[in-house]
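Here's the letter readout for the chains.
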Amino acid sequence: MTMETETRFNWGEIVRLGLLAAVIALSLNLIGLVGTFAGRDIIGGMVSVGHVFLFGAALGCGYIAAQRFSGGGAGNTLLGGLVIGLLSSLPLVVLVLIAEPLNLRQFMPYVSPALLEMLTFGQGQALGSLILIVVASVLGLIGAGIPLLPSRVRQPLIWGLAAVFLIGLLAEVIILAWGNQGLGLAIRRFVFAARGLSILGASLVFLIVVGLSAWWNSRGEGIKARVNALPPERQRNLRWGGIGLGILLLLFLPMFLRTYLTEVIDNVGLFILMGLGLNIVVGFAGMLNLGYVAFFAIGAYTMALLTPSEYGVAGLSFWTALPFSVLAAVLMGLILVIPVLKMRGDYLAIVTLGFGEIIRILVLSDFLAPWIGGAQGILKIPNVSVAGMELVKPEHLYYVILAGCLLALFVSWRLRDARLGRQWRALREDEDVAEAMGINLVKTKLLAFAIGAAFAGMSGAIFASKLGSIFPHSFNLMVSINVLCLIIVGGIGSLPGVVVGALFLVGLPELLREFAEYRMLMYGALLIVMMVARPEGLWPSEVMKRELRAGSEEPLPAGFVVSSAER
Amino acid sequence: MQTTIRQRFENIDYLDIALWVLRIVIIVAVLWGTVATILDNPYSTEQWLDFLIFGLAQGSLYALIALGYTLVYGVLLMINFAHGEFFMAGIFTATVFVAIPLDASGFTDRHPIWALLVIAVVAIATSMGIAVLTERVAYRPLRRAPRLVPLITAIGASFFWQYFFRGLYGSGITAFPDVALLKGSWTILGLEILKSQVVVIVASVLMLIGLYIFVMRTRMGKAMRAVSEDKDVAALMGIDVDRVIMITFAVGAAMAGAAGVLYALMYRQVHFFMGFFPGLKAFTAAVLGGIGSVPGAALGGLLLGLFESVGPCLFLEGLGITSPYQLKDVIAFTMLVLVLLVRPQGIMGERLAEKKA
Chain A
237 MTMETETRFN WGEIVRLGLL AAVIALSLNL IGLVGTFAGR DIIGGMVSVG HVFLFGAALG
297 CGYIAAQRFS GGGAGNTLLG GLVIGLLSSL PLVVLVLIAE PLNLRQFMPY VSPALLEMLT
357 FGQGQALGSL ILIVVASVLG LIGAGIPLLP SRVRQPLIWG LAAVFLIGLL AEVIILAWGN
417 QGLGLAIRRF VFAARGLSIL GASLVFLIVV GLSAWWNSRG EGIKARVNAL PPERQRNLRW
477 GGIGLGILLL LFLPMFLRTY LTEVIDNVGL FILMGLGLNI VVGFAGMLNL GYVAFFAIGA
537 YTMALLTPSE YGVAGLSFWT ALPFSVLAAV LMGLILVIPV LKMRGDYLAI VTLGFGEIIR
597 ILVLSDFLAP WIGGAQGILK IPNVSVAGME LVKPEHLYYV ILAGCLLALF VSWRLRDARL
657 GRQWRALRED EDVAEAMGIN LVKTKLLAFA IGAAFAGMSG AIFASKLGSI FPHSFNLMVS
717 INVLCLIIVG GIGSLPGVVV GALFLVGLPE LLREFAEYRM LMYGALLIVM MVARPEGLWP
777 SEVMKRELRA GSEEPLPAGF VVSSAER
Chain B
15 MQTTIRQRFE NIDYLDIALW VLRIVIIVAV LWGTVATILD NPYSTEQWLD FLIFGLAQGS
75 LYALIALGYT LVYGVLLMIN FAHGEFFMAG IFTATVFVAI PLDASGFTDR HPIWALLVIA
135 VVAIATSMGI AVLTERVAYR PLRRAPRLVP LITAIGASFF WQYFFRGLYG SGITAFPDVA
195 LLKGSWTILG LEILKSQVVV IVASVLMLIG LYIFVMRTRM GKAMRAVSED KDVAALMGID
255 VDRVIMITFA VGAAMAGAAG VLYALMYRQV HFFMGFFPGL KAFTAAVLGG IGSVPGAALG
315 GLLLGLFESV GPCLFLEGLG ITSPYQLKDV IAFTMLVLVL LVRPQGIMGE RLAEKKA
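One line per chain: the protein sequences are A and B, in this order.
Counting in our numbering, the first sequence runs from 237 upward without gaps.
Counting in our numbering, the second sequence runs from 15 upward without gaps.
Mixed in with the good hints there might be a few duds.
To be verified - Covered stretches of chain A (chain B as the covering partner; in silico rule of three or more C-beta atoms under 8 Å from a C-beta of chain B):
#1 337 to 351
#2 595 to 607
#3 757 to 771
To be verified - Here are the computed lysine-lysine pairs in the DSBU-like style, where the Cα-Cα straight-line distance is at most 30 Å:
#4 A:K616 to A:K629
#5 B:K236 to A:K578
#6 B:K209 to B:K197
#7 A:K679 to A:K578
#8 B:K245 to A:K578
Stated by the list, open to error - A short, non-exhaustive set of chain B residues, derived as facing chain A with CB atoms under 8 Å:
#9 F111
#10 V112
#11 L156
#12 R161
#13 Q283
Rather than coming from a laboratory, the hints here were simulated on the basis of the structure.
Model, not experiment: these values are computed from the prediction.
The beta carbon of each residue, even a glycine, is placed where N, CA and C say it ideally should be.
Chain A with its partners taken away, still in its complex shape:
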């Protein structure tokens, strides 16, 4: 009976979803996401990311409505989608009508003439509003229509659209990395417009991906079964072959990418390194550390002070200073963890946040300025050099960072299932039981903090040499939140998750300069959405997946970090 009431078509719910879509669409307009991304074309001159933000709510809520009321009949569902789309466009029409008379721009800077021009498609208020309403309604209808399609059709369709979106989004980057001579140029001119994909290119990408997805849908199971049927030894060989291929690809990556993209990858690498460290503390041992940036800062400042920089005291080379940077971070980790050893969960989070801020304030203060530069930072940190050759270009530094990441990955991977890793997991599950089982809480916690700090210290040291100068403002709370967000989005406790999360959350904003302003907004929204909808992350670890699957039998959302602290 309950199932029936859930799936029954319900106009009240439709109106509520429509209002939700309206609020989302209006907010995205007012905070400027639509306007800022209007210049980022997906299909040159036709569809921009701004349009996606503008109509995404209609499409999404239509989709949700159709999924929730799958028992309502196709006609009703489509009509519901139409209504949702219509409702979502109404506040925008109101915005168009009142923006100029009320001079809304003086209150909200993003309600600009350019935005109003975009909302009315350059057709004036009356006709433009009509177009807006019609487009939104049709998109709501399409959104509601998608779940009605059989999955054989739906999946390739969604993949195709996603591929067009992604390639269009990254068009600028792809063009940058693409060869500039011969056939490459010809293909590029054919597929890409001045901004985004060309219409032909978009259709081509769409068709290819739809074709591939359809092929995989019909054959994929067979291929998987064949691989699984291979003898275990062959399977292992296959896996090692894959890993070898991956490493080879990583080694030659800078040759495919240009300097700019390698620079981005370098930054992603530094965050992967930090993410792996925080993953040990938060993901393995279950201690939420919000002051993680402190260790990054300590690593960077130790590097700056030990090398012949502006405030350098020792004049060591990068390679001799690196172990000291790591050591300093570890020491700091040990010092900071002692007062918080007996704290749990949320208190630990706030106190570590306080520590991070204390370090930042101290570094920034005039009090310590004579030794570490204060707000002016430290300049002239020498480059990394190998055998007398200075590594200046990002392509060269890439290998240093890659080596660091691989080392950290290896250490994390070996520790995860080692005795220590299992102790951390026990700690995360239930501190009291872990202690009763004879686990030395102090030692395990100290080790988690120390190893986590070591990775961050290494990352900070490389960061300092890479930039050649460091400023206190590079070490603010946002870095900690950034790292936390990437491990949660990737999948807490999951090593590939860290890499995926860093690529997605650090790489993407660096590639799309429009994101700069909305980075933290996106992170905040992602943290909430991930926790509510998909707490295990994009690439969950095996343990989390198992826990969540076990928990899914209960009607309540299963959580993931410290089940000990259950009320």
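Take the given structure of chain A and dock chain B to it, following the hints.
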């Protein structure tokens, strides 16, 4: 007897030793700094009193914000990290949409009391709206999840609202228009005190008393206390737990919204990041006073405000630290750590069970 001595050596907890060393170092530093400052005496009595009054005003703001943390922690055992953003959202919205237009139209000059009232109502209503929305979307679905999950969504909500309002009203510092009525100072008991500071202190004290009466005397307050004792039993007694939690958030946010107005009167500026650090400080105040206790939050807020305004000159200057005011946040965070180490239940809090701390 020999065995006991050996046992004693074996039972030495190096952790405890480290913690004692930490405590002693801090106490010595504070005493040393205080004595050195007093001997040197760089400030006049009037200056010290100014610091004191400023600390009281600042502290009463902390107290108002801290109430939100304490109330929510009481019913949900959760640190509502986004609480500082409720504080910011209300006054930022009221400044942009009410205070500035009213000032421009001359209404504020003609009817200052009415203008302030409208500003306060808009600010409080916005704060409450944002709080209820946040609770509904980010916290309610996770009521039964492990404790770190809602904390993470709270961190997310905090940054989401900060950058949402940054996008909405711009990233610059917006000046809060002067209210002519509150300019200048009064002479009370021979002391020159800024009018705005008097208003802040008096309004805060009134609101604290009002809230205390609300929690202790009304039906809803009783329901809130019941929910904070035991949610399941409260539900069995016929209390709509979800509704009580929502109202708790709304009441806390109303206090934060009012604190926002007072903040704007005192500092005459608003911006999107204004809620974050006061939020953290207020949390510290709540912990200092004993989280879960309403009078504790008030006391903790006042104490923290005083420490922050007097502390840098009293403790740090004596230690020969240049520009000690830059380090006032260090004092607040160090106090947080110390309180959690020495007396985790705070000054007025009940001893927290293991599950709570």
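Structure-based check of all given hints:
| no. | hint | in the structure |
| --- | --- | --- |
| 1 | 337 to 351 | holds (count 4) |
| 2 | 595 to 607 | holds (count 6) |
| 3 | 757 to 771 | holds (count 10) |
| 4 | A:K616 to A:K629 | 16 Å, holds |
| 5 | B:K236 to A:K578 | 33 Å, violated |
| 6 | B:K209 to B:K197 | 6 Å, holds |
| 7 | A:K679 to A:K578 | 13 Å, holds |
| 8 | B:K245 to A:K578 | 27 Å, holds |
| 9 | F111 | 6 Å, holds |
| 10 | V112 | 11 Å, violated |
| 11 | L156 | 6 Å, holds |
| 12 | R161 | 4 Å, holds |
| 13 | Q283 | 17 Å, violated |
Checked against the numbered hints listed earlier, the structure breaks hints 5, 10, 13; every other hint is satisfied.
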